[in-house]
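Visitor: Here's the letter readout for the chains.
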Amino acid sequence: MDSERILHELWVRDEEAIEHLALKYASYCHKIASNFLIHEEEIEEVLNDVWLGTWKSIPPNRPDNLKAYLAKLTRNISNKLYRDQHAKKRFHPEVSSVYEELEECIPSTSSLEEEYNCRELANCIDSFLRSLNKEERVLFVRRYWYFDSITDLANRFGFTESSVKTKLWRMRTRLKKRLSEGGLEI
Amino acid sequence: MTKELLVDSMEMIEDEFLFEAEEYKPVPKTKMSAFHSINRIAAVLLVLPLLAIMFILLSIPVMAATGIEPAYELLYSISPEIAQALKPINASVVDNGIRMKVSSIDVSNDEAWVYISLKDLEQERVTESTTLFDSYSINVPTTFCSSSCRAISYNTETGEKTFLIRLWWNKAEGIDLKGKKVTFIVREFLSDRQATDQKEIFFPLSEIIIDPPTKKVHLIGRGGNFPSDDSIATVMIMPESERCSPVTGIYVLGAGIIDDMIHVQVSCDNPLSNDTNCVLNSSKYSMIWFNDDHSKTYHEFVFPVDMLETDGFRVTGDFWTYGNRTEGKWVVTFAIPK
Chain A
1 MDSERILHEL WVRDEEAIEH LALKYASYCH KIASNFLIHE EEIEEVLNDV
51 WLGTWKSIPP NRPDNLKAYL AKLTRNISNK LYRDQHAKKR FHPEVSSVYE
101 ELEECIPSTS SLEEEYNCRE LANCIDSFLR SLNKEERVLF VRRYWYFDSI
151 TDLANRFGFT ESSVKTKLWR MRTRLKKRLS EGGLEI
Chain B
1001 MTKELLVDSM EMIEDEFLFE AEEYKPVPKT KMSAFHSINR IAAVLLVLPL
1051 LAIMFILLSI PVMAATGIEP AYELLYSISP EIAQALKPIN ASVVDNGIRM
1101 KVSSIDVSND EAWVYISLKD LEQERVTEST TLFDSYSINV PTTFCSSSCR
1151 AISYNTETGE KTFLIRLWWN KAEGIDLKGK KVTFIVREFL SDRQATDQKE
1201 IFFPLSEIII DPPTKKVHLI GRGGNFPSDD SIATVMIMPE SERCSPVTGI
1251 YVLGAGIIDD MIHVQVSCDN PLSNDTNCVL NSSKYSMIWF NDDHSKTYHE
1301 FVFPVDMLET DGFRVTGDFW TYGNRTEGKW VVTFAIPK
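Chains A and B are the protein sequences, given in the same order. Numbered per my numbering, the first sequence spans residues 1 to 186. Numbered per my numbering, the second sequence spans residues 1001 to 1338.
Treat the hints with care, since some could be wrong.
Result set (DSBU-like, lysine-lysine): computed pairs, CA atoms no more than 35 Å apart in a straight line [as the list claims (entries may be wrong)]:
1) Lys1284/B to Lys31/A
2) Lys1296/B to Lys80/A
3) Lys80/A to Lys1025/B
4) Lys1119/B to Lys1181/B
5) Lys1025/B to Lys134/A
Restraint ranges, calculated between C-beta atoms of paired labels, are given here [said to hold, decoys possible]:
6) Ala22/A to Ser1228/B: 21 to 29 Å
7) Asn155/A to Val1107/B: 32 to 40 Å
8) Pro1026/B to Glu94/A: 18 to 26 Å
9) Thr1196/B to Lys56/A: 55 to 63 Å
10) Arg170/A to Ser1135/B: 48 to 56 Å
Here are a few chain B residues that face chain A, going by a calculated C-beta distance under 10 Å [to be verified]:
11) Glu1004
12) Glu1014
13) Asp1015
14) Phe1017
15) Glu1022
16) Asn1170
17) Glu1173
18) Cys1244
19) Phe1313
To be clear, the hints were calculated from the coordinates, so they are not data collected in a lab. The structure presented is a predicted model; accordingly, all values stated were derived computationally and were not measured. Beta carbons: idealized from backbone N, C-alpha and C, even for Gly.
Please work from the sequences and hints to get the whole structure.
Guide: Right under this line is the structure:
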């Protein structure tokens, strides 16, 4: 079942689309959600919300790429659930580390909300990502978009964990500099 | 909240970066320069463990192919495709006096139906109510395949219980199970189902406790329109003496009214080993939690107060448990016909 066919099923409100979505994308979305959440039942809850969210949002939306659309939806729902858990002190320690690392990128005198909305900040990050070489960019996206653990990244890239941490630290420093130069500093 | 803003902004980056991160294959790093720079002893120390690891890695497939289950399970966790390719075909197995065999396989373009029968050769442990509970595994050579298993019939003359395994895959994605091997593993099954369906439970007004004492518990399950995402919930503390027992091991403990909602609490003995369980109809939501040693589950069903009648509260429910649990290890491996 190709994604165009599933999109068509969603568009014509064919309920089999949900089963086909799950069949084709469950393992992919599961991997993304499992980087945010510890308990299997919560991950299952996220996946159910993803299928339901997709059903409700297509139409009117017609994404160019269904896989990316689902990935973003999964990340968004998982991240919200993570934040709820964080408030209740029941959270994934790896995700907490990613948050702390990203905090380091914020220019010291800046309040990002006052300067940038999400879209503008995303544009700035896009521009920063383009300035990196491919290996650095993938490493950055895997850590801060997919929330891959340091251990997974070390295995994936064939680096030591310490090397991964150093590379990420360098990139965070560069992002911080770029955010400051981009006029974020007040 | 700034770090949250950064995390949220990351979500909106261009799709192309996601695809790149998905598809990126790191260039293998050459180890030669590092190798030459270390001395001989270090090289030996490096090589010996590697040789040992290689020996183990090479041994695992051999052991798996000769039917050694732990080796197969280890290999399956590393590479389902290789583990299944090496697994010998074995359409019938007997353990603990119970025979499991592959009766037949039907296949279509992107779906297969495998009929598996279970028969007790020594006693009468396989009955019409026999269920595999959740103690089975379906090992397939790819993760991009879905499967299910359900009981479909019982032959009273032969004493055989038949289960249907359904496997389906996405051929358009290049996945095809035809010609590939699948392994079905059963570790235990339950039989001797004891059940009461639509049993009416009645609580006279005098026995419904207004604002009963409560405690906080950690839920393992929630049902219906549970009002919160929290897994910590407030439940009633009920007296130890149960009100009634619709089925062996299931006890209705009592009812109370909290915040204009009627709560009914039920306990189930041995839920993990005997699948003891219950459902009360028309509840708004329900909560489930374990006792300390996980030998009991407690269920609290919550109903709107307008269901209260003039003389009390009436509710119906289904209650069930299984009297027999049979353990063993039954493993069959079969190929999906081309």
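Visitor: Each hint: holds or not?
Guide: Right, here's what the structure says about each hint:
no.: 1; hint: Lys1284/B to Lys31/A; verdict: holds (33 Å)
no.: 2; hint: Lys1296/B to Lys80/A; verdict: holds (33 Å)
no.: 3; hint: Lys80/A to Lys1025/B; verdict: holds (30 Å)
no.: 4; hint: Lys1119/B to Lys1181/B; verdict: holds (23 Å)
no.: 5; hint: Lys1025/B to Lys134/A; verdict: holds (11 Å)
no.: 6; hint: Ala22/A to Ser1228/B: 21 to 29 Å; verdict: holds (26 Å)
no.: 7; hint: Asn155/A to Val1107/B: 32 to 40 Å; verdict: holds (38 Å)
no.: 8; hint: Pro1026/B to Glu94/A: 18 to 26 Å; verdict: holds (21 Å)
no.: 9; hint: Thr1196/B to Lys56/A: 55 to 63 Å; verdict: violated (40 Å)
no.: 10; hint: Arg170/A to Ser1135/B: 48 to 56 Å; verdict: holds (50 Å)
no.: 11; hint: Glu1004; verdict: holds (7 Å)
no.: 12; hint: Glu1014; verdict: holds (5 Å)
no.: 13; hint: Asp1015; verdict: holds (4 Å)
no.: 14; hint: Phe1017; verdict: holds (5 Å)
no.: 15; hint: Glu1022; verdict: holds (8 Å)
no.: 16; hint: Asn1170; verdict: holds (5 Å)
no.: 17; hint: Glu1173; verdict: holds (7 Å)
no.: 18; hint: Cys1244; verdict: violated (31 Å)
no.: 19; hint: Phe1313; verdict: violated (31 Å)
In terms of the numbered hints stated before, the structure departs from hints 9, 18 and 19, listed from lowest to highest.
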